[in-house]
Structures are given as structure tokens and as C-alpha cells.
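S.K.: Sequence:
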Amino acid sequence: MNFDPKTLSALAVKLHGRRIGVINRIGGDRHLFSFEQDYIDDANRPTLSLSFKGQRGGLVVPTRPVTARLPVFFSNLLPEGHLRDYLAARANVKPQREFFLLAVLGADLPGALMVAPMDQPEQGAAEEGGDRNHDERLPETALRFSLAGVQLKFSAVMEASGGLTIPAGGMGGSWVVKLPSGRFASVPENEYTMMALARTVGIEVPRTELIDIRDIRGLPADAVAMEGKALAVQRFDRGAAGETIHMEDFAQVFSLYPDDKYRHRSYANIAAVLWAETGETGTYEFLRRLVFSVLIGNADMHLKNWSLLYPDRRTPVLSPAYDLVATLPYITRDELALTFGGSRSLSEITTDQVRRFADTARLPASPLWPIVTETTDRTVASWEKLAEKDLLLEKMRTAIGDQILSVAKPVAQAAAK
5 MNFDPKTLSA
15 LAVKLHGRRI
25 GVINRIGGDR
35 HLFSFEQDYI
45 DDANRPTLSL
55 SFKGQRGGLV
65 VPTRPVTARL
75 PVFFSNLLPE
85 GHLRDYLAAR
95 ANVKPQREFF
105 LLAVLGADLP
115 GALMVAPMDQ
125 PEQGAAEEGG
135 DRNHDERLPE
145 TALRFSLAGV
155 QLKFSAVMEA
165 SGGLTIPAGG
175 MGGSWVVKLP
185 SGRFASVPEN
195 EYTMMALART
205 VGIEVPRTEL
215 IDIRDIRGLP
225 ADAVAMEGKA
235 LAVQRFDRGA
245 AGETIHMEDF
255 AQVFSLYPDD
265 KYRHRSYANI
275 AAVLWAETGE
285 TGTYEFLRRL
295 VFSVLIGNAD
305 MHLKNWSLLY
315 PDRRTPVLSP
325 AYDLVATLPY
335 ITRDELALTF
345 GGSRSLSEIT
355 TDQVRRFADT
365 ARLPASPLWP
375 IVTETTDRTV
385 ASWEKLAEKD
395 LLLEKMRTAI
405 GDQILSVAKP
415 VAQAAAK
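Residues in the sequence shown are numbered consecutively from 5, following the numbering used here.
Bear in mind the hints are in silico, worked out from the structure with no lab data behind them. It is possible that part of the hints are untrue.
[Stated by the list, open to error] Heads up, simulated BS3-like pairs for lysine-lysine below, C-alpha to C-alpha not over 27 Å straight-line: (1) Lys98 with Lys10; (2) Lys57 with Lys18; (3) Lys389 with Lys399; (4) Lys393 with Lys413; (5) Lys421 with Lys399; (6) Lys233 with Lys98; (7) Lys393 with Lys233; (8) Lys233 with Lys399; (9) Lys18 with Lys98.
[As the list claims (entries may be wrong)] Ranges of calculated distance between the beta carbons of each label pair, as one might list FRET restraints: (10) Lys421 with Leu63: 46 to 52 Å; (11) Arg34 with Lys421: 56 to 62 Å; (12) Pro66 with Asp316: 21 to 27 Å.
Glycine is no exception: its CB is placed at the ideal position from the N, C-alpha and C atoms.
Using the sequences and the hints, build the whole thing.
M.R.: Have a look at this one:
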């Protein structure tokens with residue numbers, strides 16, 4: 005079914021199959037999200053986002069419309085940058101028209117959300133030509149995938165034979181297939197190796213597979229021409245039987261648009277939320293992953309690369325780690341995406357830095373440095389015997405190994421004092 009942007013004015017928002025709200029397009033290109041009254045009144049309602057949680061734990065009901073863009077939580081569901089342009093072109097939607105892009109992508113969003121047009125005029129009801137500001141019609145099967153990110157990613161279903169098939173129409177899918185970068189060499193191999201290293205260190209990561217692009221069936225014609233390996237990552241927002249598990253990233257938690265994923269918050273701010281919502285378990289695991297990211301030289305752990313899951317539909321837990329890439333071989337910027345104890349340095353972790361991190365997040369300081377030293381020791385030992393590192397180019401392998409050792413040395417010296 006096609007729907008006409010000229011008359012489309014409302015999107016129904018469903019969480020776990022239940023309609024919980026509506027995004028209305030009102031005059032002046034403004035958009036307002038409102039909750040359904042039965043959701044507001046439900047004391048046991050499933051959690052949409054911590055950003056709608058008040059200081060006393062009640063539901064914050066939005067009242068102000070947003071001009072041009074979608075409300076921040078929903079804007080964060082959409083892809084970014086080149087991927088957004090690519091998807092918008094395939095769907096015949098202008099990239100900045102977020103309302104209409106969400107209308108196309110809404111059947112296969114991260115987590116347990118589904119968004120669909122509420123008013124769908126019969127095919128052919130709109131006048132020829134339509135409103136060129138919104139393009140003409142939004143084809144129902146224009147897209148096959150919609151997970152937010154900066155690489156080309158395709159939702160796919162792993163077949164028993166090990167091949168990958170991309171479902172027509174973009175419904176469901178239990179894997180994310182990440183194709184090679186057009187700018188940087190061996191990104192799938194890099195991420196696969198870093199995820200394997202994290203797994204051996206004891207960090208929870210989803211299952212990953214390196215696959216030949218020629219073994220992926222159903223790719224759009226413009227992607228089939230790519231060569232090399234792709235990375236398949238099992239979606240942790242989908243259960244074994246395909247059921248959806250709700251999730252949100254920390255840009256959504258902090259009500260920040262994707263443009264601000266490197267600004268306005270620090271790693272201590274994330275830790276403070278985790279301490280309040282998940283206690284020691286999530287907070288200490290977060291620190292392990294942060295230390296690991298410094299050790300491997302990952303400069304891209306911004307707000308959208310940390311997420312919460314809601315397995316029981318109400319209570320958040322830290323999601324498995326994802327997008328673990330050693331970025332130093334590709335970029336010369338020796339800085340973390342956010343500040344860690346007042347520092348963005350990727351070259352060291354100091355006791356003073358960890359103490360400042362604890363103070364800002366209001367965490368007990370004494371358990372934190374042992375987490376730093378234990379994670380460092382495990383990473384050094386695991387890297388030495390990691391078979392997957394042979395997948396990397398020699399120059400890349402050397403750069404990552406040097407980074408791990410250079411960060412580990414002063415940590416060991418501080419621990420020995």
C-alpha cells in the first residue's frame with residue numbers, strides 16, 4: 005500500500021504491539037508526540053524511555069511540538085549521515101523529512117517499537133505531482149532495513165545453512181549485516197576481532213560472523229558490487245523466537261539529537277544513570293567496557309554506542325557491547341568520544357582520572373581501580389593468544405597491540421605502588 009505525504013498527518017506508535025501514543029504532524033511543519041490516556045493511567049506500563057521518567061519516577065507527558073524534526077526520542081530511531089541519504093533516496097523521501105522517513109522505516113525499528121501511518125488514503129487519491137517538498141509517494145517495500153548507524157546495515161535472517169537472506173519489505177530480522185566501508189580497510193575484520201577479544205576478556209557481546217558478500221542473497225543491486233567480507237551481528241533486541249525486546253541508546257536517555265552524540269554529556273553521566281537504574285552490575289560492567297575501549301584505541305564510543313535493554317518491559321539493564329572497533333589505525337585523533345574523568349585521552353588511564361570519574365558520577369571510588377587493573381590484565385593476556393587477530397592487516401595488528409601495551413604499562417605501574 006502507498007500513502008500520500010500530502011495527507012499523511014499522524015503516525016501511531018506501538019510498543020510491544022500496544023498502541024501507546026501518536027506523532028501528529030501539525031501546522032507549520034511541527035510534530036507533537038502524545039501518549040494514549042490508557043498508557044498514562046497504567047501503573048504497570050512498559051517503559052518507552054527513561055527520558056520520559058520524572059524525578060519522582062512518574063511519567064513525563066510531552067506538551068511542546070518540535071519544528072521540522074521529529075521529537076528527539078523518535079529522531080534517534082533513524083539512521084544518520086550517508087546511510088540516511090542512501091535510505092531516503094531508495095524510499096523517494098528527502099533525508100531531512102524525518103516524519104516521512106519514519107513512516108517508511110517504522111515496521112522494523114530497534115527494540116519493540118513499531119510506527120505506522122494512521123491515515124492511509126486509497127492508492128491514487130492524491131493529485132499527480134503532490135507536494136515536492138515531501139516528494140510524491142512512499143513505497144511500502146522500498147526498504148529492507150532500518151537500524152540506526154553510519155555504515156550500510158541490513159536486517160537479515162540467518163538460515164540454517166549459514167547463508168543470509170534479507171527479508172523483502174523489511175519485516176523482522178534477527179541479524180544486522182554490516183558491509184565493508186568505502187573509506188577504511190577491513191572494518192568488518194577489525195570489529196569482528198575486537199568483539200572476539202572483548203568476549204575473551206569477559207565482556208558480553210552478541211554472536212558475530214564474518215561472511216563473504218557474495219553469500220548474502222537479496223542485497224539491492226547497488227550493494228552487490230561491493231567486495232570483501234561483511235560482518236553479521238546477532239540482534240540482541242530480538243529473542244530466540246523472534247520476539248522483540250525494547251531498547252534505547254543513551255542519546256535517547258539524555259534527550260539529545262544524534263548530532264549531539266559527542267557533546268553535552270560525559271561517561272560519568274552515563275555511569276550515574278546506570279548506578280541509579282541498574283546498581284553495581286551495570287555500572288561496573290560499563291567501566292570494564294570503557295577501559296577496554298581505551299586499551300584498543302576506540303575513539304568512537306559516543307552516546308549512541310551505549311544502550312539499555314528492557315527484558316521485563318519495565319526495568320533497564322545494560323545491553324551487550326556493540327560497535328567495538330579499534331579506530332586508531334584509521335584516524336589520528338587520539339581522543340575519546342566523551343570525557344572520562346575530565347580527560348579524553350586514549351593514551352592512558354590514571355588513578356586521579358578514575359577518582360574524578362567516581363566523584364562526578366557519585367560512585368564509591370574504592371571498587372573502581374581494581375576493575376581497571378583486572379580488565380587491563382585480561383585484555384593484555386587475551387590479545388597475546390587471540391587467534392582472530394591474524395585476520396587483521398599486519399600494520400593494523402601492530403598498531404592495536406602497541407596501543408594495548410602502551411596503556412597497560414602505566415596501569416600496571418600504578419597498581420604496583
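S.K.: Is the straight-line distance between the alpha-carbon of Lys233 and that of Lys399 27 Å or less?
M.R.: Holds - the C-alpha atoms of Lys399 and Lys233 are around 19 Å apart, at most 27 Å.
S.K.: Do the Cβ positions of Pro66 and Asp316 conform to the proposed distance bound of 21 to 27 Å?
M.R.: holds (25 Å)
S.K.: Is the straight-line distance between the alpha-carbon of Lys393 and that of Lys413 27 Å or less?
M.R.: holds (21 Å)
S.K.: Under the criterion that the straight-line Cα-Cα distance not exceed 27 Å, is the pair Lys389, Lys399 satisfied?
M.R.: holds (18 Å)
S.K.: For Lys233 and Lys98, compute the direct alpha-carbon distance and say whether it is at most 27 Å.
M.R.: violated (31 Å)
S.K.: Is 46 to 52 Å right for how far apart the beta carbons of Lys421 and Leu63 are?
M.R.: holds (49 Å)
S.K.: Mind checking the alpha carbons of Lys421 and Lys399 for me, to see if they're no more than 27 Å apart?
M.R.: Measuring from Cα to Cα gives roughly 34 Å; hence the hint is violated.
S.K.: Taking the CB of Arg34 and the CB of Lys421, does the distance hold inside 56 to 62 Å?
M.R.: holds (59 Å)
S.K.: Would you mind confirming whether the straight-line C-alpha gap from Lys393 to Lys233 stays at or under 27 Å?
M.R.: holds (15 Å)
S.K.: Within a Cα-Cα threshold of 27 Å, do Lys57 and Lys18 meet the stated pairing?
M.R.: holds (18 Å)
S.K.: Are Lys98 and Lys10 close enough, with their CA atoms no more than 27 Å apart?
M.R.: Holds, because 14 Å separates the two Cα atoms, which is no more than 27 Å.
S.K.: For the pair supplied as a hint, Lys18 and Lys98, confirm whether the alpha-carbon distance does not exceed 27 Å.
M.R.: holds (25 Å)
Hint violations for this structure: numbers 5, 6, all remaining hints satisfied.
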